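The task is simple: from the sequences and hints, build the whole structure.
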Amino acid sequence: MTPIAFILLIIGVPSLIMLLYIFIRGSMGMRKYILTRIALTVPMIFILASLVFFIMRVLPGDPVRSALGPRGTEIQAEHMRAQLGLDKPLIVQYGNFLKDIITLDFGNSMVGGHRPIIDEMSERFPATLELVIPASILALVIGIIGGSMAAAHRKKALDFSFRIYSVIIYSLPIFWFGLMLQLLFGVKLNLLPISGRIDPVIGTTLHRVTNMYLIDSLISGNWQALGSVVTHLILPTVTLGLVLSGVFVRMTRINVIETLQADYIAAARARGIRERVVVYGHALKNAMIPVITLIGLQVAILLAGAVLTETIFNWPGMGGYLVQRISARDYTAVQSVIAMFALLVALISLAVDIIYSLVDPRVRY
Amino acid sequence: MSSEENIKADSKTEAWRQDLTKVGFVRRIFMGRKWYGADWWFVAISVVMVLGFIFVAFFPGLLAPYSPESIVGTSFLAPSTFPEVPVLLVQASSPAQGLADLATPEDAEKPVIGVLMGSPAATALREHAQEIDDQLVQEGNGLRLRPRIERYASVEELMEAVNSGTIAAGVVDLSEFDAWAAAFPELRAGDFITGETASAGGFIMGTNDIGQDVLSRLLWGTRIALIVGFSSSIISLLAGLPLGLLAGYFGGGFDRVLSLIMDSLYAFPGLILAIAITAVLGPSIYNVIVAIAVLYVPTYYRIVRGQTMAVKEEVYIEAARSIGAPRWQILWRYIYPNVIPSVAIIFSVNVADAILTGAGLSFLGLGLPPTIADWGIDLARGQRFIQTAWWMVTYPGLAIMLVVLAFTMMGEGLMEIYNPRLRER
Amino acid sequence: MPAEPLYSVRNLTVEYGTRAGAVNAVDGISFDIRREEILGLVGESGCGKSTLGKALMRLHRPPARIASGELFFDGRDLMKLPENEMRAIRGAEIGMVFQDPMTSLNPVQRIVEHITETLATHQPGITKEQARARAVEVAEQLGIRRERLDEYPHQMSGGMRQRVMISLALALHAKLVIADEPTTSLDVIVEAKFLDFLRELRKEFGLTILLITHNIGVVAEVADRVAVMYAARIMEIGDVKKIFANPKHPYTQGLLQSVPNIQLEEGEPGKQASLYKMEGMPPNLLHPPVGCRFHNRCPHVMEICKVQAPALAQVGDDHHASCWLYTQSAA
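Protein chains in written order, with our numbering: chain G, 6 to 370; chain E, 24 to 448; chain W, 12 to 342.
Check before you lean on any hint, since a few could be wrong.
Computed from the model, here is a short list of chain W residues facing chain G with C-beta under 8 Å [said to hold, decoys possible]:
no., residue
1, A99
2, P118
3, V119
4, E128
5, T129
6, T132
Listed next, the stretches of chain G that the computed footprint assigns to chain E, with coverage defined by at least 3 CB atoms under 8 Å from CB atoms of chain E [unchecked claim]:
no., segment
7, 164-175
8, 326-338
9, 343-349
No lab work stands behind these hints, which were simulated from the structure alone. Treat the numbers as computed from the prediction; the structure is a model and nothing was measured. Don't be surprised by glycine CBs; every beta carbon is placed ideally from N, CA and C.
Now the structure itself:
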C-alpha cells in the first residue's frame with residue numbers, strides 16, 4: 006500500500022462516516038447545503054486547474070528548452086516535446102491535463118530516476134501534513150485563547166500586548182523568523198536540530214508505514230525515533246504556527262468583541278451567568294462561526310508558509326519538493342505539485358464549510 | 024483603539040460623529056484624533072517610517088557608506104569590528120600618525136618603511152603611498168612620498184627595527200601589533216594605511232561572505248523592495264478597481280463568473296502562484312512584479328465590488344437614477360468617489376504584502392538575478408553561513424519586517440480612523 | 012400606610028467617561044418601586060432611562076460607572092454587595108427583558124438551554140432532569156409549548172421570544188422584572204397581546220415590573236404609576252391616571268400634547284389637527300444647563316429656573332413634580 010493511500014484511508018474513512026451521518030440524521034436544510042457546497046467545489050477545482058494550465062502552458066517560456074539547457078539539440082527538444090505531449094494542440098493538452106488531475110496520474114518526473122510523480126509526491130505529502138497539522142493546531146490554540154482573552158480584557162495591557170503581537174507577527178517574514186529561531190535555538194543554544202525530519206542514524210531504525218514519522222514511531226513503539234522526530238518538529242512547527250497565529254488572534258479578537266456587544270450577552274449577564282461563562286461560553290461560541298470561515302481562507306497562508314518553512318528547515322515535504330524541482334527545471338513535477346496544491350485548497354475549503362454548517366444551527370435547521 | 028464606545032445621551036458627541044461622516048478623508052483624520060485617541064499617533068509613527076523608507080529608496084547612495092556590489096573588506100567581518108587592514112607602526116614619540124605624515128621634501132632622503140616578507144601589506148602600502156604622492160604632486164608644495172620598502176622575516180624583527188630607529192615606520196596588521204605590543208612599550212600603532220583612523224568603526228553591520236558591506240546592501244535593497252511593492256500594487260489596483268466597480272454595479276452573469284474566478288484566485292496560496300509564474304517566465308524584476316500583481320487583483324476586486332454593491336443601494340444613488348442620470352455618470356460621479364478611501368487603505372496594506380511576497384520569492388532564488396542587492400537574496404545567502412555569520416541573516420530580515428510593519432500599521436490605522444467596520448476584511 | 016417599597020433608589024448618579032469629559036447620564040435620581048406595581052419610566056431616547064435600568068442591576072459596563080447613590084432592594088443595600096452576591100441576585104431576584112427579542116437570545120443555544128443554564132447558575136445542586144422539568148413548567152405557564160423548547164431562537168417569532176425572555180425571569184421566581192422597551196420592536200397587534208400578558212403576569216405571580224419605554228401609550232395602558240425622565244433627571248412621578256389627567260410639569264404637559272392621537276383627526280373635516288411640537292432640543296449632557304434642565308424650552312420659565320434646580324415636591328396625592336411653579340424657592 007502506498008503511503009498516500011494510507012493517508013487517504015485514515016482521513017477519508019472518518020470523513021465519509023461523518024458525511025453519511027449527516028445525511029442520515031441531518032435535516033433537509035443541512036443536506037441541501039452540503040450538496041450545494043460540494044457542487045460548488047467542482048467549478049472551483051476546474052477554475053484553479055485551468056489557471057495552473059494557463060500559467061504553465063500559455064505564458065511565454067519554453068520548459069523543454071530550459072530543461073535541456075543551452076547544449077540541447079533541436080532533435081532532443083522535439084523528442085522531449087512529443088514525450089510530454091507538448092506538440093499537440095493546446096486544447097488537447099488541456100483535456101489531457103484535466104484528465105491527469107482527475108485520475109491523479111501526473112506522468113513521470115523529467116529528472117533523476119524518472120519515477121512516477123505521484124509516487125514522489127506521496128513520499129513527501131505526509132511530511133507536509135506532519136508539519137501543517139501541528140502548526141495549525143498551535144496557531145488555533147494561540148489564536149482562540151489569545152483573541153478571546155484580548156477581547157475580554159479590552160483596552161487593558163493584555164489586549165494591547167496581543168494587538169502588538171498580531172501586528173508584528175503579520176509583518177514578520179516567515180523565512181526570517183525561522184532563521185532567527187535556528188540562530189537562537191540551533192546555533193547559539195544548540196538545543197534543537199535545525200534541519201530535516203529525523204536524525205539520519207536513528208532514521209534507519211524507523212519502520213515507515215505512513216511516512217508520517219510521528220505516527221510511524223508511535224505505532225512501532227520506537228521511542229528513540231519518536232524523541233528525534235519531536236525535536237526535529239519543534240522549530241518548524243513553532244515557525245509556521247506562530248506566524249499563522251497572528252491572523253487568528255486578530256480575527257478571534259474582533260469577532261469576540263463584536264459578539265460581546267450583542268444583546269444576548271447583556272441578557273446573559275442580566276441572568277447572573279458568570280462573566281467567564283459569558284465570554285468563553287456564549288461569546289466565543291458565537292464568534293467562532295465567522296472565525297471558522299475566515300480560518301478556511303487562511304489555508305492559502307498556511308500552504309505558502311509551509312513552502313517557505315520547508316525550504317528553511319530542509320523539510321522534505323511538498324514545498325521543498327516544489328522549490329527543488331523548479332531549480333532542477335523539472336517542468337512536469339512543478340506543474341503537478343501546483344495542481345495538487347489547487348486540489349488541496351478546494352478540498353480544505355469544502356471541509357471548512359461543512360464544519361461551519363455543523364457549528365451554526367442557523368444552517369443546520 | 025476602537026470607536027464604538029457607547030457614548031450615550033451626548034448630542035454634541037453625536038453632532039461630532041455626524042460631522043465626521045460628512046467631511047473629507049484628510050479632515051476626518053484630523054478630527055478623528057479627538058475621538059480615536061491612540062490611533063492617531065499610531066498612524067503618525069507609521070507615516071514617518073514610510074516616508075523614511077521612501078527617502079532611503081530614492082537616495083540610498085547618500086546614506087550607504089559603500090557601493091552595494093563592490094568588495095570593500097574582508098569576508099565575514101562581524102559588525103563594528105575592524106577589518107584586517109594594516110596599520111602604521113611608529114615610535115611613541117614620533118609625531119607621525121598616518122602615512123601622509125611621512126612625506127618628505129623632494130630632495131630629502133626617502134623614508135624607509137618595513138613590511139613583513141610575503142605579506143599583502145606591501146602591495147597595499149605601495150598603492151596608498153602612490154595615491155598620496157599623486158595628491159602631493161598636484162598640490163605642488165615640494166613634498167613627496169616615495170618610501171623605500173624593506174622586508175623583514177618576522178614581526179619581532181620588524182618591530183625591533185622601528186624601535187631602534189633603523190627605519191622610519193613599519194606596516195603590520197592590528198592583531199600582530201597587539202600580540203607584540205607588550206614587548207615594545209616604546210612603539211604605538213598609528214592610522215590604518217588606507218587613511219582611516221582606528222576609531223572609524225569598521226562595518227556597522229559587518230560584511231558578507233565575499234566582503235561586501237551588509238549595511239550598504241541593506242540600504243540599496245530598500246529600493247528594490249519598494250519598487251516591487253509599489254509597482255505590483257499599482258498594477259493590481261489598476262486591474263482590480265475597474266473590474267470590481269463593473270461587477271458590483273452591473274451584477275448579473277458577468278459578476279458571477281468573474282467573482283468565481285477571483286474567489287478561486289484569492290483562495291489559492293499566493294506565493295505558490297507567484298512561484299509558478301516566475302518559474303515559467305524566468306528571472307527578471309518585471310516578471311516578479313507581474314507575478315505579484317496577479318495575486319493581488321482579487322483583493323481589490325473583492326473590496327471594490329462589495330463597496331459598490333453597498334453604495335448602489337444608497338438613497339442618493341436611487342435619487343440620481345430617478346432623475347435619469349446615465350449609468351456611467353452614476354458609476355463615475357457617485358460610486359467611484361465612495362470606494363476610493365477604502366482602496367487607499369487596502370493599497371497601503373497591499374504594498375506590505377507585496378514586499379513580503381517579493382522577498383519570499385527572491386529568498387527562494389526565484390525572480391531576481393542573484394547579484395542584485397535585495398533583502399530576500401541576502402537572506403538566502405546568509406542562511407548558508409548561519410553557523411558563522413549571524414549578522415548576515417539578522418539585518419536583512421529586520422529591514423523587511425520594519426518596512427512591512429510601517430505599511431501595515433499605516434493601513435490599519437487609516438482603516439480604523441476611516442471606517443472601523445472595514446477591519447473584518 | 013403603604014408597605015415598604017421593593018426597590019428604593021436614592022441620589023443615583025451614573026457617569027460615562029468620554030474623551031470629551033464625564034457625562035452624567037443619570038443625575039441624582041431618587042424614586043421607589045412599590046411591591047406588585049407596574050412602574051412606567053418614560054422619556055425621550057438618550058435621556059438616560061436605559062442607563063438607569065441597567066444601573067439598577069449594576070449591569071452597566073465601562074465607560075459607565077455609578078458615581079454616587081444608594082440602591083436598596085428588598086431590604087439590602089446593593090451598592091455594598093460584592094460582585095458575586097450581586098450576580099446571584101441578577102436573574103434570580105431581578106430579571107431583565109430587552110428591547111429586541113430577535114437579538115437577546117443566544118443564537119447557538121436551544122431555548123431550553125437558556126432556562127436550564129440560568130437555573131443551574133443560581134441553584135448549583137439542581138440536576139439536569141429537575142432543571143428541564145422546571146423549564147417545561149414555566150414555559151407552559153407562559154404558553155410556550157413543550158416541544159418548542161428544543162428549538163433554536165431563530166425558529167421562533169418575536170412575540171414568542173419575548174415570552175421566553177419573561178420565562179427566564181420567572182424560572183427562578185424573580186420579584187422584579189426590568190423591561191427595557193420590550194415592545195418597541197414588536198408590531199402593534201403583538202404588542203397589545205404582550206401588554207395583556209404582562210398584566211396577567213402581575214396578577215398571577217405578584218410580579219413587580221419596571222417598564223422602560225418612550226411610548227406613552229404603552230404606559231397609559233399597563234402602568235400603575237409613571238416616572239417622567241428628562242435629561243438625566245426625573246421631572247414628575249406619580250399615579251398614572253392623575254398625571255395623565257392633570258400633568259403638572261411643563262415637560263410632561265408638552266410630552267402628552269405631542270402624542271399622536273387618533274381622535275384628533277375627527278376634528279373639523281378637511282383640516283388636519285397639527286401635533287404640538289416642543290421648542291428646541293434636549294440639552295447636551297456634556298454641558299447641561301444650570302438650574303432646571305428644562306428651562307431653555309419651558310414656556311413658563313422664570314428667573315429662578317436658570318439658577319437653581321428644583322427638588323421633587325408633592326403636588327398632589329401620590330403625585331410629585333420637580334418644578335418651581337409648585338415650590339417655594341429656598342432663597
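Okay, the hints, checked on the actual structure:
Restraint check, A99/W versus chain G: the minimum CB separation of about 6 Å is within 8 Å; hint holds. With a cut of 8 Å, the hint placing P118/W at the interface with chain G holds, because the nearest CB-to-CB distance is about 7 Å. For V119/W, the interface hint holds, since its Cβ comes within 8 Å of a Cβ in chain G; the closest pair sits about 5 Å apart. Of the supplied interface hints, the one on E128/W holds, with its beta-carbon coming within about 7 Å of a beta-carbon of chain G, less than 8 Å.
Hint on T129/W holds. Least Cβ distance to chain G is approximately 5 Å, under the 8 Å limit. At about 6 Å, the closest approach between the beta carbon of T132/W and any beta carbon in chain G falls short of 8 Å, and the interface hint on this residue holds. Against chain E, the segment 164-175 of chain G contributes 4 residues with a C-beta closer than 8 Å to a partner C-beta. That satisfies the three-residue criterion, and the hint holds. Using a Cβ-Cβ cut-off of 8 Å, 4 residues of the segment 326-338 of chain G lie near chain E, which meets the minimum of three, so the contact claim holds.
A stretch counts as covered by a chain when three or more of its residues have a beta carbon under 8 Å from one of that chain; for the segment 343-349 of chain G and chain E the count is 3, and the coverage holds.
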